[in-house]
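Participant: In the order they appear, the protein sequences are chains F and W.
Numbered per our numbering, the first sequence spans residues 1 to 247.
Numbered per our numbering, the second sequence spans residues 1 to 328.
One thing to keep in mind: the hints can contain errors.
FRET-style restraints, in silico, Cβ to Cβ [said to hold, decoys possible]:
| no. | chain 1 | residue 1 | chain 2 | residue 2 | range |
| --- | --- | --- | --- | --- | --- |
| 1 | F | Y243 | W | R4 | 30 to 36 Å |
| 2 | F | F144 | W | D94 | 25 to 31 Å |
| 3 | F | T72 | W | D94 | 35 to 41 Å |
| 4 | W | R125 | F | T72 | 36 to 42 Å |
| 5 | W | L58 | F | T72 | 30 to 36 Å |
| 6 | W | E82 | F | L39 | 26 to 32 Å |
| 7 | F | L196 | W | S260 | 31 to 37 Å |
| 8 | F | L73 | W | R125 | 24 to 30 Å |
| 9 | W | G276 | F | L73 | 53 to 59 Å |
| 10 | W | L271 | F | E97 | 45 to 51 Å |
| 11 | F | G185 | W | G188 | 50 to 56 Å |
| 12 | F | G18 | W | S260 | 46 to 52 Å |
It is worth saying that the hints were derived from the structure and are not from the lab.
In this text, all values refer to a predicted model and were calculated from it rather than measured experimentally.
A virtual CB, placed ideally from N, CA and C, is assigned to each residue, including glycine.
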Amino acid sequence: MTAPLVGSTRRIFDLALGQMLWARRASLLGLAAGAPILLALVTRLTLSGGTAVVQINGRHIDSEAVFSTAITLLYFRFIVPAVGVFYGTSLIADEVEEKTITYLFTRPIPRGAIVLGKYLAYLLCATCVVLPSVAVVFMVMVPFHEMAPLFGSFVRNLGVLGLGLGAYGAVFLWTGALFRRPLVGGLLFVFGWEQLAAILPGYMGRLTIAHYLQADTRSVATLLGMTIAALWLAVRTIERREYLLER
Amino acid sequence: MNKRTRVFLFAAGGVLIVSLATGLIAWATRVSAAGAADELAYVPATALMVAYADVRGLMNSPFHDRFRQLQRTSPAGSDDLEARTGIRFDTDVDDLLVASTHVDASPQRTDDSLLIARGRFDPARIEGVMRSRGGQIDQYRGKRIVTLANTTNDAALAFAEPGLLLFGPQASVRGALDAKAGASAGIGSNREFMALVNDVSDGTAWSVAKLDNASGHTPLPPALMNQLPPINWFAATGRVDSGLHGRLRAEAPDVQSAESLRDVIQGFLALARLQGGRDPAYRSMLDSVALTADGTSVSLSFDVTPAALDLLTPSGPPGRGPAAPRRP
């Protein structure tokens, strides 16, 4: 007899959240959150001290423009996909690799609860690190009197980053449930295919997740649809698949 | 969930809440601090175009001195205003806001623009000038209105507040007083319009216009508008100091139109670079151009540096001729 899905999901969530936040892998998250803050501090001090001027194509770039560039290049192009791949693929694949998935499977809980609990723990963990990091970068980079025009785009960016973390995490959770070593494939996808598709002409960009990291209705709906579909496929995979653990 | 985890989650949530609250305060205070906030209260909801200029800031800027060397004739509109009302644009006006229910480029349209000017006016002198031209004194919503209505003129002038003057066709001036009194909807009720105003109102001069390709109400010639993807809104802002830092923003109805518009502008920029790339004055301006697209919004920013202005000025850098006197 198995326990209800919601209760089981919550127990797995509690267990996974503690493991995720205080594991060695969390140093990656710390780095992802801390590096942009450090960069923002250095840039802000440099710009306000007048010791350097950032220029692109001969045009002076102010703190607002640096903030927008940091959001696009650091968070959307690098941090969100990287966190999604590293954490998403590890959620199930690490349990298989370390042969500990047996302990979870032998508990009287639905297998879907393992996927959902771990995914929700990942989502909370990642958003609680990445989004405050963006918030600190915003406050460091943008002077108070210049915040107003950027506030709307800042809030939209927070939302899209959250959705992006959710979509990348769900897709790579599914690949982690499907393949034994999904990390290499995941890295090739986000840092190979997605970068290539972004510069290819035509509709190739639509075959990436990064293409939908935008604050418009179609992109948001696509990200949500992608997340739900990937989660459903992950639940279905783990419920049907027999994991043969090597001795 | 252990205590350490709970503390971490609360700390992360706290950082997010503090930053959102800070941004919200900045946004809220900016709305009330916008230079044209008081004047906008007189603009009716039917306005399709609003343009604002910090006249004092513009006149006192080094850019203005340089610009006078390029265009020595004063704007025709200011002469017309002085002839009809006795208001000296250069010396009397501090801020000027123009609102219109038309954004047509066609020359045969009727001019229904409402001028809202803040400055130092001499009501007796201005009323005297208008009365000498056949003006009549009237009262509307507790304000004195001087109307000048005959076969060639339909103009009215009202001192709505001390130092705040409304000028335009009778219907526009009365409509402005209605909007201020709350008898008719003001432009503040149009959230889409105000969002664009808030985005551009930090400039020394700015403008927001609602475009309607279907009815032909556009500030650009219809022949050009027909070549462009559909645009719903157009906004422009410029910050003036020793140079000019400008930003143009167009709001397309959908992402696809925005992408098409960006591609069209990119094409124009490429053509401009091809044509003017050899001229250092134009090259520095073209190098400063930044084109971005974010959802349905396409923005183009540019800088006209003092060095570029020197190159554009036939007589070279300023200092070779008399500079305009500074305003108090």
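Participant: Which numbered hints are broken by the structure, listed smallest first?
Facilitator: Numbers 4, 6, 7, 8, 9 and 10 - these are the hints that the structure violates, sorted from lowest upward.
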